[in-house]
Amino acid sequence: RKEVEQDPGPFNVPEGATVAFNCTYSNSASQSFFWYRQDCRKEPKLLMSVYSSGNEDGRFTAQLNRASQYISLLIRDSKLSDSATYLCVVNMMEYGNKLVFGAGTILRVKS
Amino acid sequence: NAGVTQTPKFRVLKTGQSMTLLCAQDMNHEYMYWYRQDPGMGLRLIHYSVGEGTTAKGEVPDGYNVSRLKKQNFLLGLESAAPSQTSVYFCASRGSGQETQYFGPGTRLLVL
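Order-wise, the sequence lines are chains A and B.
Every letter in the first sequence is one number past the one before it in this note's numbering, and letter 11, counting from 1, is 11.
Every letter in the second sequence is one number past the one before it in this note's numbering, and letter 2, counting from 1, is 2.
Derived from the structure by calculation, the hints contain no laboratory data.
Misleading hints may appear alongside valid ones.
With a straight-line Cα cutoff of 27 Å, these simulated DSSO-like cross-link-like pairs (lysine-lysine) come out [said to hold, decoys possible]:
1. K57(B) / K98(A)
2. K98(A) / K9(B)
3. K57(B) / K2(A)
4. K45(A) / K14(B)
5. K42(A) / K2(A)
6. K42(A) / K57(B)
7. K57(B) / K9(B)
8. K71(B) / K98(A)
9. K98(A) / K70(B)
10. K45(A) / K9(B)
11. K42(A) / K14(B)
12. K9(B) / K42(A)
13. K71(B) / K45(A)
14. K71(B) / K42(A)
Note that this is a predicted model, so its numbers are computed, not measured.
Generate coordinates for the entire structure from the input sequences, incorporating the hints supplied.
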């Protein structure tokens, strides 16, 4: 079983739509959680951290459910520029705070 | 402030050839990492370093070696390249006490 699992998509949505991505992780000892964004095989960039209390940054909302080992990302009012691959990332305390990456979920926003 | 840079951006090797990938960061970060990214898979950690002069194996270290002689540089070496090492290689760095890793633009390597 993969340590971090995501639906690869692609999710094809019209501009203005709301879209949600889910992610599950297998190691209950995981310490912290993130969503990264990756454009066209460029480098991953941090989108937002994910906290147990949930957090929001503009149109983006992230949620963490430690009991179910489940992370989500909600994007409201999708823009063309949101088209990218979204990587669910878990921070493990081993390996010098190694990041474990999901394979990513592809989002395509169309006009 | 360039952040994290990687050279070269792209390279084609023949099986058995050797090469070194260079990662440089100007943020005075203690931690540096080398990942590879393959289609349909998440980034996987090859080697990492927790400070100048120290290196350690990640989850897929076979066929690679690393060195961290200077704090700002982290080198990844392939002694005898194999087609299975065709991949995109990303370097990342992180400051002590921080969680965010900053990535370089990547090196695309094709081994024929």
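Now the hints, each set against the structure:
| no. | hint | result |
| --- | --- | --- |
| 1 | K57(B) / K98(A) | 11 Å, holds |
| 2 | K98(A) / K9(B) | 24 Å, holds |
| 3 | K57(B) / K2(A) | 20 Å, holds |
| 4 | K45(A) / K14(B) | 32 Å, violated |
| 5 | K42(A) / K2(A) | 23 Å, holds |
| 6 | K42(A) / K57(B) | 25 Å, holds |
| 7 | K57(B) / K9(B) | 24 Å, holds |
| 8 | K71(B) / K98(A) | 19 Å, holds |
| 9 | K98(A) / K70(B) | 21 Å, holds |
| 10 | K45(A) / K9(B) | 18 Å, holds |
| 11 | K42(A) / K14(B) | 25 Å, holds |
| 12 | K9(B) / K42(A) | 11 Å, holds |
| 13 | K71(B) / K45(A) | 23 Å, holds |
| 14 | K71(B) / K42(A) | 25 Å, holds |
Hint 4 alone, counting from the list given before, is not met by this structure.
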